[in-house]
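With chain G's structure known, arrange chain B on it following the hints.
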Amino acid sequence: AQSVSQHNHHVILSEAASLELGCNYSYGGTVNLFWYVQYPGQHLQLLLKYFSGDPLVKGIKGFEAEFIKSKFSFNLRKPSVQWSDTAEYFCAVILSNDYKLSFGAGTTVTVRA
Amino acid sequence: DAGITQSPRHKVTETGTPVTLRCHQTENHRYMYWYRQDPGHGLRLIHYSYGVKDTDKGEVSDGYSVSRSKTEDFLLTLESATSSQTSVYFCAISPGQDLYGYTFGSGTRLTVV
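Residue numbers (this note's numbering), protein chains in the order written: chain G, 1 to 113; chain B, 1 to 113.
Pulled out of the complex, with its shape left as it was, chain G reads as follows (with noise of 0.2 Å):
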């Protein structure tokens, strides 16, 4: 069955420490992918995407995610997180000329001051 699947439930680091969160899918064909950030009471707000291209993508707040297709992954990354970065992130998938997005579980993130 097709799934995204999120390696960590909660990850809890101190201010300025590095932020790697995993996301593996497993569909077949060509996919676009999603990271989408919900901060606490909040709304989900796109924070990147990958179509095509440089597999090296970045988005807004400093966030940044590789697309590595032999993987089937597509970790986020933030070389230095803030306190403000607490909230839940989620990765997501598009198949390719389709128009339902898969989600993730999705990964706590806690950032102590």
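There's no promise every hint is true.
Claimed, not checked - Calculated Cβ distances over 10 Å to all of chain B for the following chain G residues:
1) Val4
2) Tyr27
3) Asp54
4) Gly62
5) Ser70
6) Ser73
7) Gly104
8) Val111
Stated by the list, open to error - For the chain B half of the interface with chain G, some residues (derived, Cβ under 8 Å), not all of them:
9) Gly42
10) Leu45
11) Tyr48
12) Ser106
Simulated from the structure, these hints should not be mistaken for lab results.
In this text, a Cβ means the ideal position worked out from N, Cα and C, and glycines have one as well.
Chain B alone, transformed into the frame defined by chain G:
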């Protein structure tokens, strides 16, 4: 986000009662979606619409129905609310091309007692 509103924002209802949630958009997007968000499950698709009067089921559609009589409104109805339907419900819209991802509403927190 501007252009998509959900109502109500919060609702408490009794088991067995029908409940309708409303999603309204001003973006004239073709595609509209209803998701539910539960801890450990991420977002799961309930129903979606690809045009006026055109709807289809998602992965967790049992106990839910939808209607879309005009482009801007997408209604989600819980026919007979159960405690398992206590959740946060998000509406999303998309222009229909996979490149753009979704824009999400602010969510409706529904509690069934």
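Verification of the hints:
no.: 1; hint: Val4; in the structure: violated (8 Å)
no.: 2; hint: Tyr27; in the structure: holds (12 Å)
no.: 3; hint: Asp54; in the structure: holds (16 Å)
no.: 4; hint: Gly62; in the structure: holds (20 Å)
no.: 5; hint: Ser70; in the structure: holds (22 Å)
no.: 6; hint: Ser73; in the structure: holds (17 Å)
no.: 7; hint: Gly104; in the structure: violated (5 Å)
no.: 8; hint: Val111; in the structure: holds (20 Å)
no.: 9; hint: Gly42; in the structure: holds (4 Å)
no.: 10; hint: Leu45; in the structure: holds (6 Å)
no.: 11; hint: Tyr48; in the structure: holds (6 Å)
no.: 12; hint: Ser106; in the structure: holds (5 Å)
Violated hints, listed in ascending order, are 1 and 7; each of the other numbered hints is respected by the structure.
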